[in-house]
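Just so you know, the protein sequences line up as chains A and B, in that order.
Quick note: the numbering used here has the first sequence finishing at residue 264, numbered continuously throughout.
Quick note: the numbering used here has the second sequence finishing at residue 308, numbered continuously throughout.
Treat the hints with caution; some may be incorrect.
[Claimed, not checked] Sample of chain A residues lacking proximity to chain B, with all beta carbon distances greater than 12 Å (derived):
no., residue
1, Gln38
2, Arg59
3, Val126
4, Leu127
5, Ile143
6, Thr178
7, Leu184
8, Ser188
9, Ala193
10, Glu209
11, Gly226
12, Asp237
[Unchecked claim] Just some of the chain B residues that point at chain A, by a computed CB distance under 10 Å:
no., residue
13, Phe45
14, Ser65
15, Leu80
16, Thr212
17, Arg302
18, Ile303
[To be verified] Stretches of chain A that chain B covers, calculated by requiring three or more beta carbons in the stretch to come under 8 Å of a beta carbon on chain B:
no., stretch
19, 74 to 88
20, 159 to 168
It is worth saying that the hints were derived from the structure and are not from the lab.
We treat Cβ as the ideally placed atom computed from N, Cα and C, and that holds for glycine.
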Amino acid sequence: MRRFRPLAGAVSAVWLLLLMMLSVAAAKERLVVSLSNQRVSINSVFSGATLVLFGAIEREGAAPKRRFGYDIVAIVTGPRQSLLTLRKDRVIGIWVNVESRTFLDVPSYLAILANRPFNQIAKPAVLHKLKVGFDKTILTQRIGPDFADVVHKDSFRQAFLRLQGERKLYLESENAVTFLAPTLFRASVPLPAEALVGSYAVEVLLFAEGEMIARTTSAFEISKVGFERFVVVAAQDYGLLYGIVAVMMALTTGWLASIVFRRD
Amino acid sequence: MEIYLPIADLPVNVFLVFAMGLAVGFISGMFGIGGGFLMTPLLIFIGVSPAVSVATVATHIAASSFSGALLYWRRRALDLALALMLLVGGIVGTALGVWLFTLLRSIGQLDLVIALAYVILLCSVGSAMIVESVRAILRRRRGEIQDVRRPGSHTWVHGLPIKVRFKQSRLYISVIPVWVIGFAMGFLGAIMGIGGGFILVPLLIYVLRVPTNVVIGTSLVLTLMTMATATVLHAVTNHLVDALLALILMLGGVTGAQFGAQAGQRMHSERLRLLLGLLIFAVGLRFAINLFVTPADLYSFRILEGQQ
Numbered sequence: 001m002r003r004f005r006p007l008a009g010a011v012s013a014v015w016l017l018l019l020m021m022l023s024v025a026a027a028k029e030r031l032v033v034s035l036s037n038q039r040v041s042i043n044s045v046f047s048g049a050t051l052v053l054f055g056a057i058e059r060e061g062a063a064p065k066r067r068f069g070y071d072i073v074a075i076v077t078g079p080r081q082s083l084l085t086l087r088k089d090r091v092i093g094i095w096v097n098v099e100s101r102t103f104l105d106v107p108s109y110l111a112i113l114a115n116r117p118f119n120q121i122a123k124p125a126v127l128h129k130l131k132v133g134f135d136k137t138i139l140t141q142r143i144g145p146d147f148a149d150v151v152h153k154d155s156f157r158q159a160f161l162r163l164q165g166e167r168k169l170y171l172e173s174e175n176a177v178t179f180l181a182p183t184l185f186r187a188s189v190p191l192p193a194e195a196l197v198g199s200y201a202v203e204v205l206l207f208a209e210g211e212m213i214a215r216t217t218s219a220f221e222i223s224k225v226g227f228e229r230f231v232v233v234a235a236q237d238y239g240l241l242y243g244i245v246a247v248m249m250a251l252t253t254g255w256l257a258s259i260v261f262r263r264d
Numbered sequence: 001m002e003i004y005l006p007i008a009d010l011p012v013n014v015f016l017v018f019a020m021g022l023a024v025g026f027i028s029g030m031f032g033i034g035g036g037f038l039m040t041p042l043l044i045f046i047g048v049s050p051a052v053s054v055a056t057v058a059t060h061i062a063a064s065s066f067s068g069a070l071l072y073w074r075r076r077a078l079d080l081a082l083a084l085m086l087l088v089g090g091i092v093g094t095a096l097g098v099w100l101f102t103l104l105r106s107i108g109q110l111d112l113v114i115a116l117a118y119v120i121l122l123c124s125v126g127s128a129m130i131v132e133s134v135r136a137i138l139r140r141r142r143g144e145i146q147d148v149r150r151p152g153s154h155t156w157v158h159g160l161p162i163k164v165r166f167k168q169s170r171l172y173i174s175v176i177p178v179w180v181i182g183f184a185m186g187f188l189g190a191i192m193g194i195g196g197g198f199i200l201v202p203l204l205i206y207v208l209r210v211p212t213n214v215v216i217g218t219s220l221v222l223t224l225m226t227m228a229t230a231t232v233l234h235a236v237t238n239h240l241v242d243a244l245l246a247l248i249l250m251l252g253g254v255t256g257a258q259f260g261a262q263a264g265q266r267m268h269s270e271r272l273r274l275l276l277g278l279l280i281f282a283v284g285l286r287f288a289i290n291l292f293v294t295p296a297d298l299y300s301f302r303i304l305e306g307q308q
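Model the full structure from these sequences, guided by the hints.
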């Protein structure tokens, strides 16, 4: 017959307490997301694509009741690139590029999607920290010898965002995320045909009562396949051969045409 | 039908691109010009980046000019010796042009220089051709004797040393002006991204007094050789030749060039020159308007190379 051991009892009591504390800490919401596609293939008929992001909010343990429901912000960031932005001005009657700024390592694609206006989801300070909104995104510029992101009213910054928006590469949408059920949501991520090849990061933020309570990341890849990939690899790795083949193709086409259309 | 271009990285309408090739090909076959000064702006207009446009147009023009050159070759309407002699100067000119191109780009005013070069060159060449051809047409109307090539029509240019006989053109002239003209073509081609046929044709006619029927074929041969070289150079250095885009363009281009060449042969050369003059002047004017009219968007941006 086993004897009651006070020490062992105390230890197990402490264990139990610790476990309980942990479970209280774990009594939170967890985000589970999935993309409709992990890989977007560019083939000869590619004209853009739309990815669908699905997500569920898992309530673990005794998660607190959220009176105002949840809010979701998804940030999709494409491969980074540097861009030169030029501004024209009139000089002796003609329009000339007079000023230029280089945007360093800025996302080639940026989509910030939410289920309702950002300023209703959280306070500006919170949004600022999490870079929710174009006016909070860091866009590093090289201005002469300095590297900095300038005030969001800067004309070059605004022009940059406007031009990227026109090409549908930068997208800010406050109704792109829809809740299918209180804890189930989906969002469409439109990718234009001009979207760069490379890996795209998806960050999903869960908000409740103005605070960010959980976050998770996902990723997808845009890559060229088949003929498109073959051409790119040939052009990059076998430049000379590619050039010669291009010329041969031109000569053959020209010669064939002169045979086909021969009238004399 | 949309098709995605592998190097240019954008989808285009196949029929639109084919039609562009057809139209520019017709013009190029008719006047014996490459048509680069038309095709490059057109491609940029549909969204292809300027660098890819310039490189791909070179390939397209190679095909277009080859099919045209073959047609003239069968009619013995070209001077191969003269074309090769022009190419000698052309290679040197291209090398110097590429050097200046790089220099201007580092200064950051390449766009302006190109635009100004287009305006000055196209407007002056175009207006000179219009004036000259209208005079020729009026002379013909008045029933005056056509400009017969007399020994007196030789200028001081022909009197320079190192004389060479060009049988096909029935010319016995100094190679120095031939080299200079070839050099100028190569230089302008590298800077402006054009074959230079539209400048070469009048230069051959007015300065070297090459017979009009041989001029177009000869110009096509030179264009073919410079553009083939340019294609290989662009492919090796920048990897920017879009073979798929070039293929669609050239299929339209060679077809158009055949009809253009036939249309050109049926036309009076003065009228042909007047039409070409008007076309060149119009393109020059278009560039001038771009410089003077307030642009729709003051801002523009471009991807810095090697950063993708």
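Hint check:
no.	hint	verdict
1	Gln38	holds, 20 Å
2	Arg59	holds, 43 Å
3	Val126	holds, 31 Å
4	Leu127	holds, 27 Å
5	Ile143	holds, 15 Å
6	Thr178	holds, 29 Å
7	Leu184	holds, 34 Å
8	Ser188	holds, 20 Å
9	Ala193	violated, 5 Å
10	Glu209	holds, 40 Å
11	Gly226	violated, 10 Å
12	Asp237	violated, 9 Å
13	Phe45	violated, 16 Å
14	Ser65	holds, 8 Å
15	Leu80	violated, 16 Å
16	Thr212	violated, 20 Å
17	Arg302	holds, 5 Å
18	Ile303	holds, 6 Å
19	74 to 88	holds (count 9)
20	159 to 168	holds (count 4)
Going through the hint list in order, the structure does not satisfy hints 9, 11, 12, 13, 15 and 16.
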